[in-house]
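Respectively, the protein sequence lines represent chains A and B.
Residue numbering for the first sequence is 1 to 751, as defined by the numbering used here.
Residue numbering for the second sequence is 1 to 751, as defined by the numbering used here.
Honestly, the hints are just simulated from the structure, not real lab data.
Heads up, some of the hints might be wrong.
Which copy is meant is left open, so a pair is good if it fits within one copy or across any two.
Said to hold, decoys possible - Okay, derived cross-link-like pairs now, SDA-like style, lysine to any residue, Cα gap no bigger than 25 Å in a straight line:
| hint | residue 1 | residue 2 |
| --- | --- | --- |
| 1 | 685 | 728 |
| 2 | 204 | 342 |
| 3 | 306 | 186 |
| 4 | 342 | 186 |
| 5 | 143 | 678 |
If you're wondering where the values come from, they're calculated on a predicted model, not measured in any experiment.
2 protein chains.
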Amino acid sequence: MNKNLKTAFFALLGLCCLQMQSQTKQNLTQYVDPFIGTGFHGHVFMGANVPFGGVQLGPVNISQGWDWCSGYHYSDPTIIGFSHTHLSGTGIGDLGDFLFMPAIGKVNLKKGTAKDMANGYISGFDHKDEVAKPGYYSVILKKNKIKAEMTATERVGFQKYTFPASDQSHIVLDLVEGIGWDRAVDTYIKVKNDTLIEGYRFSKGWAADQRIYFAAILSKPAKKIQLYDNTKEMINKVVSGDSAKAVIHFATSKDEVIKIKVGISPVSTENALMNIKKEISGWDFEKVAAQADEKWNKELGKIAVKSADPAKMKIFYTALYHTMIAPSIFNDSNGDYYGTDKQVHRAAGFTNLTTFSLWDTYRGANPLFTLTQPEKVSDMINSMLAIYKESGHLPVWHLMGNETYCMPGNSGIQIVADAYLKGIKGIDGELAFEAMKATAMQDDRGVNFVKKLGYIPGDSLRESVSYGLEYAISDGAIAMVAKKMGKTEDYNYFLNRSKAYKKYYDPSVGFVRAKLSDTAWRTPFDPFKSIHEKGDFSEGNAWQYTWLVPQDVEGLIALLGGEKPFTKKLDTLFTISGDMGAEASSDITGLIGQYAHGNEPSHHITYLYNFVGQPWKTAEKVRYIVDNLYSDKTDGLCGNEDVGQMSAWYVWNAMGMYSANPYNGVYCIGSPSMDESVLKLADGKTFTVKALNNSPKNIYIQKATLNGKEYSKSYILHADVMNGGELVFTMGDKPSKSWGVAAKDRPYSAK
Amino acid sequence: MNKNLKTAFFALLGLCCLQMQSQTKQNLTQYVDPFIGTGFHGHVFMGANVPFGGVQLGPVNISQGWDWCSGYHYSDPTIIGFSHTHLSGTGIGDLGDFLFMPAIGKVNLKKGTAKDMANGYISGFDHKDEVAKPGYYSVILKKNKIKAEMTATERVGFQKYTFPASDQSHIVLDLVEGIGWDRAVDTYIKVKNDTLIEGYRFSKGWAADQRIYFAAILSKPAKKIQLYDNTKEMINKVVSGDSAKAVIHFATSKDEVIKIKVGISPVSTENALMNIKKEISGWDFEKVAAQADEKWNKELGKIAVKSADPAKMKIFYTALYHTMIAPSIFNDSNGDYYGTDKQVHRAAGFTNLTTFSLWDTYRGANPLFTLTQPEKVSDMINSMLAIYKESGHLPVWHLMGNETYCMPGNSGIQIVADAYLKGIKGIDGELAFEAMKATAMQDDRGVNFVKKLGYIPGDSLRESVSYGLEYAISDGAIAMVAKKMGKTEDYNYFLNRSKAYKKYYDPSVGFVRAKLSDTAWRTPFDPFKSIHEKGDFSEGNAWQYTWLVPQDVEGLIALLGGEKPFTKKLDTLFTISGDMGAEASSDITGLIGQYAHGNEPSHHITYLYNFVGQPWKTAEKVRYIVDNLYSDKTDGLCGNEDVGQMSAWYVWNAMGMYSANPYNGVYCIGSPSMDESVLKLADGKTFTVKALNNSPKNIYIQKATLNGKEYSKSYILHADVMNGGELVFTMGDKPSKSWGVAAKDRPYSAK
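Okay, chain A solo, but in the shape it has when bound:
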């Protein structure tokens, strides 16, 4: 080749590569609308993060209250600043660490009030001035016309502020402010030099003893950095106590941009700084935002769906996005983490995670991850096993090194079991079994009564029925694992305990209810009655909880008198109404009769029809829920997002299936609302679900083929999905009275 030819060749080659790249580049983030779920009781996080990222950098409103659990609710037109940690979808507010707020003019050290914005750093904003997309958030702060933009990596928040011209531009860092229950107990800021500050914020809240460190690098040397203990200025370059604040001063020209990179660490400021160095070199904000977008695209790309309805695309990918806010990274880029034993563990061989809302997520989100996130599941299980090793039991509701013991049961057990049974790599099976068993044998939280009496007396523990039913689910999981491992004695013991749900069922009323002794039930009894946190049920009533036996649906059917009475009662559930009482849990939302889609104990119930050979009823219910209880509006979630579970339910069901049993690998088939869903599995295989002739009316499966062969079962096995292939449904507007009806075609709890 001569030189010109050579140049041309390489230019061409480059062009080809570029094109190929752009062809493979997906743009699924375009469908994500982070505002979905920021209204009503969704409680989702608003701001910039990467999938499962440790940093959730976003705005904080001034309001506090149940609907501000994430710090942001669509109804609130104020911002007090941008903080680096947020919960998404919980029913309790916490976190909100490291609040930064830019301003000009007079320095306000306090946030102020919504009514008197002049005397605080608070600002108003308009939703029209907001841009929110995966990995990016921006807003114009009305008070000072400062544009705030943010993006993030796993452990670093990247802020970009565009200032007006002013020699009194400044950024307030307020370590006092937190969200919800959070209260700072020990704060610390140190000025290292005019572009670097570091510190920590220890707080008390839902997480009783939360500790988080930061390092912040400025893109431009500060003119001056003042430190304050509340409002008292420090002479030195360090402030400690419970009220540390910093004011970072700049002189800015018109539209001058000041950027800040804030690394966070559960271990030390040193590690926080290291995290910045590892994750963001330089100051190219747009590049980091583009990388965040790419990370989201990569994860969202694990399920490629097709729908002619743009709203459905938006709902689906926003749901998928919302399943990947947490469990979130809780370690440093070198593997260091802070354990629940309150020690720093160095260079762990897994990515330690936190924010385990397990009572919610064991139902749908965790099983979904076994398909789409096998490596992340390995990290989740290893994080949970580390918690076991450090505390003696698997997590219940774990938050940043703290056990909150929120919600009944030991839901960690079934998540570990599911991962083990599905052969997720990188899990020590013997340790996993030890952890499950030890957790199930603790004497705490009513298990002592399970061991002694086989049930939890209603007077010994609040929400005793819910505890008892949840434990039985976990016990069934241990039994399955024990069986697989050949541990016969354990298998028999836990299998027996998994039947404990029968003890709470009173045939004279036809419901589960609080058992006081071997011969006595709590009276009076009302199957509609719910008493939040102080009754016999957790966020529910007897109507809702009677069905909570995913581990033994066959046994439940028998208990309720056989298929006919079972089906009749199930039909009634979706139509009956009654008074839940004045003290009912506000978590019971999304009602269809007494079925409550807004809360987790109901999430598997629609699929019980498959067990009695009436899959068309499942189809009717799930299509109704998919089409009516989810929307692309800010109030698009009918209850708390619950850290991904509400959205995971949607993702499963839009594809046409659900993990009604959370650990046996038998996915019940509902009614696919997507025309096509392609699961891109880790080993490169794909599993495609097609819905031919699908429409809002054609919700009933008429027939199906798996890899070209007729498929009449109303469930699909995890193993079949993992093998890859194609499941093709033909839809119609009338129930098929043959597909999924025969006994052999029904799903099963255990075999």
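Following the hints, position chain B against chain A.
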């Protein structure tokens, strides 16, 4: 050589070596009696440790109260167990971490009471059954006839229990118990296997947030290890909460020995275990005890004294021993430590220390260390500079990562200054100056008034006079350093502040007193009056505090009207008596007139006579104190040991000198009570002080020679000591009216 000859030769060689070794081996620990100071208000630590060791392993009595600040008081015939951390000589009780107690028969999980020993693990003991020597402690526990022995390394406590025959032998580990103000807030024990447990104890006390981890290795596999949350047994191998306890069970044959090695760490259980592995391999208890004895001998050997009076040898070496309990190691064998910024610092380049009782020790103990422990001084200063870097100021009274802000002043300043001015190696001079200045410029604790008004108004701060006088001492130190560094502006500023003592002096009464404004004094005024913690003086009265100007004795003399009135008032101090009032501090003990040797503000006063050319008066006073206010009995200290200061005063004065000015390197000469004292300096040189013709009556120096030349000064410079040599005094029973009298021979504050 033939074979026999060869054998004989090596046998002989071996013998020679052995002999040489035994010749160089000192046995100074024989003079140490750890019981001195365990009675009256001495508050010294009783138990096993190595010099400056992080572990202080010793018995804890059941009594709590002021005289049990170290956990042990000679009056108490009970033991509730043996814990691994203790304070020595403080006025506030704290620590007592990791309490182990052996027993047989019924398991008691609570300590019980002195009256009902049967229902607790408490036992009685007799002093005749105790052996205490440096690095070793043993006692026979009367209740179960168990012999308990203990020794230690820097970070590991080594327990040895000799049990009777019993299949119910056990050892209780109680993490609830602590000493004094200490209260466990978070405890944790984990059984790793049948010979290893680990955990931590976080507590609240004088140190507001104390965190310490442990690992314990058993010499014999336990039959069973039970864990308890208070009295509730745990099923799993982990217990957390605020009441963790463990019971370690053994079956023992008659006289069977069970040993435990307990490593402690401020960082993690992993490091605690590492500390054991680094410091004690194997189970040879006697060897470890012998090594501890050797370590003490090595440190005690840095001053070789001779006295015909065995009691004096005992008092001297016990005093020297007591100066080396703290500052104690607060790091791990790999250099890791937990900083006052609540972060783990890895592999620091110095040995981090804690228990800085600086208001006490800056006077005599720290200057003594500059002669005998230059490397340790480097560690002390670097630990203090780390505290500055982490908290913005030098320590005040620092305990295990916590600033207690106990006692007036910023005494850390003069200690850093002293080390810098004496050229101690391994100190960053610029950082040291920055730290001193930043500390002196804080707005806290009255310094804001010093900066603004030049004095602290009496109504703005309790103990304002003491604060003001202490700050002036620190300011003088900074001035000296600034001068040496050529920082003229700083020199002038701080020199001026060092004269602030004049502001508190009211010539109309002839004393320092609380100044309310530029024109008003606090009335009524009574120079004898002391009000503990709520008055104008800290643990003292105007009689005692008026002399607290070691940085400018010449100025004080002028202030009091010149040498004559000054001397007259000083004479009066030692004879006058008056009513200190009902609220007087119990720290004011060891009175000679109003001179209070039991507390620190008096410690330099006897030497003020040297400044007016009357060294014989100094001699009279110091010999009286040495001979009468120290003894070899349990009540041998006339006040709190104060973490080495009371003993350091003795060590200095027995040699015949004292650091009356704590940082200018001018050591005043008093009256050597030892016939000979040889300081073995770090570079191999020696400095010998001889007292010829010395006797209890011959207390007056008649003449002196330094390295053979006549020496008439009543002081010796640090530099002269460090050069090595010999200072020979000839003593007599009458004051010499020439030695040390001339103006040129008097010590000076600053030149």
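These are the hints, each one checked on the structure:
no. : hint         : verdict
1   : 685 with 728 : within (17 Å within a copy, 94 Å between copies)
2   : 204 with 342 : both (15 Å within a copy, 16 Å between copies)
3   : 306 with 186 : neither (50 Å within a copy, 54 Å between copies)
4   : 342 with 186 : both (16 Å within a copy, 10 Å between copies)
5   : 143 with 678 : neither (47 Å within a copy, 75 Å between copies)
Hint check: violations occur at hints 3, 5; the rest are consistent with the structure.
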